[in-house]
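Participant: Sequence:
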Amino acid sequence: MSIAEQIRKASKKTLQELYSLTIDEKDIQINETKPEFEGDYTLVLFSFIKQLKRSPEQLGKEIGDHLVNNNPDLFSAYNVIKGFLNLTVKNNYWIEFLQKNYVDPNFGKKKNTGNRVMVEYSSPNTNKPLHLGHLRNNFLGWSVAEILKANGSEVTKTCIVNDRGIHICKSMIAWQLFANGETPGSTGKKGDHFVGDYYVKFNDEYKKQIDELIGSGKTKDVAEKEAPIMKAAQQMLFDWEAGKPDIIALWKKMNNWVYDGFDITYKRIGSDFQKIYYESNTYLLGKDIVKEGLEKNVFYKKEDGSVWIDLTADGLDEKLVMRNDGTSVYITSDIGLAEQKFNEYKPKESIYVIGDEQNYHLKVLKLIAEKLDIPGAEGIYHLSYGMVELPTGRMKSREGTVVDADDMVDEMVAIAGRHTEELGKVKDFTETELKELYDTLGIGALKFFLLRVDPKKRMIFNPEESIDFHGFTGPFVQYTHARIKSILRKEKGVRSQESGVGSLLKLEKELILKLEQYSTIVEQAATEHNPSVLAIYAFELAKMFNAFYTEHSVMNAESEEKKQLRLKLSEMTANVIASTMGLLGIKVPERM
RNA sequence: GGUCCGGUAGCUCAGUUGAAUAGAGCAAUUGCCUUCUAAGCAAUAGGUCAUUGGUUUGAAUCCAAUCCGGAUCACCA
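Numbering (our numbering), first residue to last: 577 to 1168.
Quick caveat, the hints were computed from the structure, so don't treat them as lab data.
Keep in mind the model is a prediction, meaning the values are calculated, not measured.
All residues carry an ideal CB built from backbone N, CA and C; glycine is no exception.
Do not take every clue at face value.
[Claimed, not checked] Calculated lysine-lysine pairs in the DSBU-like style (CA-CA distance at most 30 angstroms, straight line): (1) Lys685 to Lys610; (2) Lys1068 to Lys1085; (3) Lys1033 to Lys939; (4) Lys1011 to Lys766; (5) Lys1066 to Lys1119; (6) Lys685 to Lys602; (7) Lys676 to Lys1085; (8) Lys877 to Lys947; (9) Lys687 to Lys588; (10) Lys1011 to Lys765; (11) Lys820 to Lys851; (12) Lys602 to Lys1090; (13) Lys1061 to Lys685.
[As the list claims (entries may be wrong)] Derived CB-CB ranges, DEER-like: (14) Gly969 to Val679: 46 to 52 angstroms; (15) Asp839 to Ser1129: 44 to 50 angstroms; (16) Lys1003 to Glu1041: 28 to 34 angstroms; (17) Gly976 to Glu1041: 16 to 22 angstroms.
Required output: the full structure, derived from the provided sequences and hints.
Facilitator: Set out below in structure tokens:
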């Protein structure tokens, strides 16, 4: 149990015993004591003042006395300022805490409680390579999955590949028209980029044809419909749905090129999945749903035969669930997939990591699923995140204004390499070691950059300004870890098992206090589905250690006991930094 | 127009289950490397928390209205 919880419990008991006041634990406000006051944690008294009709000073004194007298192992002192009761926790408590936990690499994490969760993330289209926006999605999804695991859940990471549809056909038709049989193998190009180039080519050609048609007197609407290349793409989609063998073969071939490319990127950025769904297998799933919905009178049929649901009572609109030609729409197959996921994995919670542009869609999805009594409907959770935009506005792959994921990673790794070389601290590293370090630092900086911001906020990325390696960044935290490891190497770890001295300096205590909060932070990140909580914590912890490091020497401590205490403090800080960064998907180096 | 999200230092962001003098990083200025890694530390400066009103012992935080930015309301995904 965390110290804050213990104080909350003790306060509850005190209020009960002194004033027969029964109060819910969560209504007892415990804050960290501000640094300018004496104490570690603060009980805010204002809410009781009125009920108990006492002055803040009197109340504080009574509660303070009672708390300290009845919890002699926990508190050593208290003081009252205005309506705040500041409590000082015994040094022994902190030292014992450190003694007990400093070697545990899993400190702060919970054991598997069997709570099943599914996290769907990444979900790429197979007609173009990944861009910066996908990276935010991948990092978020992966990290949230790991955070939930650390908080005791049993997590299945999944990905739905959008491998069918008109967008794929566009790349296919352009390849047929312009490639002259070229392949990723023959050009040496990464498969996803290769296919993406033809997607761009399609749009170039499409635009050209529209202009020509407009030039010959057609209106824009007509031109868009009649452009031969677009008609060809639509015909191809039709042929694909009919299962025409040569089209299916081409589709498979080109998708495999893309998968080969994705594999490389996923491996590099550390995305992984236990289950992959392909839309080509799931897009027909909604059929039974429609039947079921009509039987349950959740859906209704219009005169033209199309099927709808009326969500106006829920503040939304009427929504189409099946076209009049009997084909299902996106929302319908999505519900079908939700049902299938539940049948296969029985998750209590099913998380969808999808951009905030689909807020409405996911709201509708959950609502329909609930109305249909689809099992697991209540567990649907949309982890909505803001778009990554350029200073000029949104990225558009059709217009080529995207920041490519592979390029971005390459650039970050290159910058990491340049910084490292300039500093010249690892000149004895082998080529392989250097390469690994550059990856660790470059990708670490990138992940930290994208994860340190609240997911729901949209963020602007300026390609002109490179991502920083100083301050509130991944490398800063990594650097702190490397620094600590250097001390531990020189001291050959921690030798003494003794609890050490009874006194703690301000910076030492601050650090232990921070470390103690780690489990609460993991819990918070899990309930909020928010990795930025951990990024902020990692930074604050590292910053605190650096302050301690410059002020006090570990190796040349005043006494052997002090040295042992500081070694433990250092080791635990390194462990918690590694653990926190691990949950963000960021590696920490031994040296840098 | 309806719905949802955002507006905090020059820039990027914490803080939003109400609580003590609103915090970081970057950028700016200044100091600190012959002692454990200076990718660091310490300090200075920088604020009408979009605006107005309300609730409260107490509001960046809650409520109302207004202004600004974005998303969405497709037989697209």
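Participant: Each of the hints needs a verdict: does it hold here or not?
Facilitator: Outcome of the hint check:
1. Lys685 to Lys610: The given pair, whose Cα atoms are some 27 angstroms apart, holds under the 30 angstroms limit.
2. Lys1068 to Lys1085: holds (24 angstroms)
3. Lys1033 to Lys939: Within the cut-off at roughly 19 angstroms; holds.
4. Lys1011 to Lys766: holds (21 angstroms)
5. Lys1066 to Lys1119: holds (22 angstroms)
6. Lys685 to Lys602: With a Cα-Cα distance of about 22 angstroms, the restraint between Lys685 and Lys602 holds, given a limit of 30 angstroms.
7. Lys676 to Lys1085: holds (16 angstroms)
8. Lys877 to Lys947: Answer holds: Lys877 to Lys947 is near 17 angstroms, not above 30 angstroms.
9. Lys687 to Lys588: holds (28 angstroms)
10. Lys1011 to Lys765: holds (22 angstroms)
11. Lys820 to Lys851: Given that 30 angstroms is the threshold and the Cα spacing comes to 28 angstroms, the pair holds.
12. Lys602 to Lys1090: holds (21 angstroms)
13. Lys1061 to Lys685: holds (22 angstroms)
14. Gly969 to Val679: 46 to 52 angstroms: holds (51 angstroms)
15. Asp839 to Ser1129: 44 to 50 angstroms: holds (48 angstroms)
16. Lys1003 to Glu1041: 28 to 34 angstroms: Taking Cβ atoms as reference, Lys1003 and Glu1041 lie about 30 angstroms apart, which means the hint holds.
17. Gly976 to Glu1041: 16 to 22 angstroms: holds (21 angstroms)
The structure agrees with every numbered hint stated previously.
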